[in-house]
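S.K.: If you want the building blocks of each chain, they are given just below.
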Amino acid sequence: MSAYIDARTLPGGTVLSPDIAIVGGGPAGISLALALADTKLNVLLLESGGRDFDSNIQSLYAGAASGVPYAALDAGRLRFLGGGTNHWGGWCRPMDEIDFEARDWIAHSGWPFPRKALEPYFPRAQTLVEAGAWTYDGSGDAIASAKGPVLPLGKGGVYTSWFQFSKMRGDVLPTQFGKRYEENLRRAAHVTPLLHANVTAIRLAPDASRVDHLDVATLNASGGIGTRLTVKPRVTVLACGGMENVRLLLASNDVMKPGLGNQNGLVGRFFADNPIPRDVATLVSFSGALAPFYASNLAMDNGAILRATFAPTAEFRRARKLAGSLSTVEQPVTLDETGTAAVVTTAIALGVDASRARAYSLGCGIELKPDPDRRLTLTGERDALGLPRLKLHMTLSDEDFARFRLTLAELGRQLLASKAGMLRINCSTREEWLKNMDWGHHHLGTTRMHVDPKQGVVNADGQVHGVPNLYIAGSGVFPSYSASNPTMNLVALTLRLGDHLKKVAA
Amino acid sequence: MKRRTIVAGLGVAGAAAAAGLYRFTDLFVKHYPPTPYDDVLAVIDREQASRLGRAALRTMPDFDVAKTAARLRAAGGISGAAAQDVEQERMTEADGWVVPQSVALIAALAAKFQP
Ligand SMILES: Cc1cc2nc3c(=O)[nH]c(=O)nc-3n(C[C@H](O)[C@H](O)[C@H](O)COP(=O)(O)OP(=O)(O)OC[C@H]3O[C@@H](n4cnc5c(N)ncnc54)[C@H](O)[C@@H]3O)c2cc1C
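So the sequence lines, in the order shown, correspond to chains Y and E.
My numbering runs 28 ahead of the 1-based position in the first sequence.
Reminder that position 27 of the second sequence reads as 17 in my numbering, one-by-one numbering, no gaps.
Incorrect hints may have been included.
Unchecked claim - Listed below are the simulated SDA-like cross-link pairs for lysine to any residue, each with C-alpha atoms no more than 25 Å apart in a straight line:
#1 E/K102 to E/S69
#2 Y/K447 to E/P51
#3 Y/K183 to E/Q91
It should be emphasised that the hints constitute simulated quantities derived from the structure, not laboratory data.
Construct the complete structure from the given sequences, taking the supplied hints into account.
M.R.: The structure is reproduced here in structure tokens:
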């Protein structure tokens, strides 16, 4: 039994020497701690926040932005135990095989291993995010059809795919890792969660061969620096999220001047998220209302909560040089005069009865192409703990939208082919795409994984190139991104890292 | 009154009544002046089609009425043409609506002859 420790109660100058220090108690950090709980390794889980939101701690996340309008840096993250899962939507979907491939039409794409390498970890990741029985595309159609008809699509490049949803016990949706796994961590004999412990620097040995220690500071009641501690782990794993990992690496520049792991200028580059433009299309179902699992998340007989989405097939993506996308029904809408005319005329031409037709808006999540200029850097401004703040330069290329548009057009054609419905594409110009723009708050790519140190910050095991006892967990290591929401996938990747650490640290 | 005048008068009244009736039924079934393409247009709801057609015409600066009618006739009517277009990926957008090319064409034809 290990108790949670509040770092503010430790005497200043305390030195802790665990086998493994995990920096960050979000889903990545907590999953890793749980994965290592059945070993004899002493694990220290350092978490900046406490059990609940605190505005002083949260303000450490504030930063600057330029380029395409994006969420404020302290709005898309939460700095307390459980991290982003304290406000996530619980949408889960495994990344597709093609997402891992080097796609010659998408520069910088490709993982150092195929999806197969993650598959053994999906079942446990699915359990940790509490998304129910593994259903997804394997049996989604069959299971959902008990609740209503799946819209038939003619032969073509788009298919009906399935999201699943995280569901914490009782009626709390979705799983908040901090609360949900508090007892599990408490019961883990060798895991010590240290709350209110902000890592402020990663100190390398003078020859830069390894991490020597971590500087840790607490915030006092008035928002200034409280206690300073030192942690001397054998192995350090950064799990502070795709933005904050960058900040710590770049700010830890006393030995490696460009920043830790940044000898090739890659740390912070290739930032990505999944843009979620709303109302990108209008989908008409000729036969009337769609089954309820289109516009809402629906509990199925096997306990899984499913929602239908439209995805391009791997073949279609290859043939048309497309990125990933997932288009999901949002809500019923009313057609204007031209829309009604389009439905009446097309239905007559196809010989179908559209007298009960219903229209819905579609939203989507898009995979962006990797862009080295979409980038996090440090600013001159410092937070209460003395760390330089981050600045994000956000970009979005018209090509990303143009690619996605082809998928929508194909979906429209397939609806006509099956005589089930039709589709209007609502966005053509950049302004139209940006008008209803939302973001997934999926912080991807900033410490990308690549076997070649010139092209990646970490290697295929998540180890920072050149620093054998420093690892990174989380979606920041995704070298290319997929349209799937990252959390279930990053948990699987973290469990894989756990297996690696069991071998190297034992 | 001469008989001829009465007959003529009845004829005019009859025509007027018929015209009235014609206009009256217009409320339910729109009547259009004849065109050389009535056979093509007969199967669709011309009023609705012309609304879509106005949007379609914006992307068809070279729209040719006779060629369009010939193409639709050759395809054996709009049903066959639309299904073939979908199958062979001959699609177009009218005000963003993804429609078979033949549907956009028949709609544009309807718009050209919408009084
Ligand atoms: C509104 C919203 C909705 C979302 N919905 C979904 C969804 O439906 N599906 C999905 O897959 N994903 C979703 N996400 C994304 C999801 O939250 C992230 O993918 C996930 O939380 C990332 O996990 P992580 O552990 O890598 O980082 P985080 O969750 O960010 O956790 C990082 C942890 O590190 C701690 N920390 C930070 N700095 C330090 C430091 N210096 N020292 C010590 N500790 C530190 C933080 O307090 C935090 O607890 C959503 C995000 C948002 C904002």
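S.K.: For each hint given before, does the structure comply? Return the numbers of the non-compliant ones in rising order.
M.R.: 2
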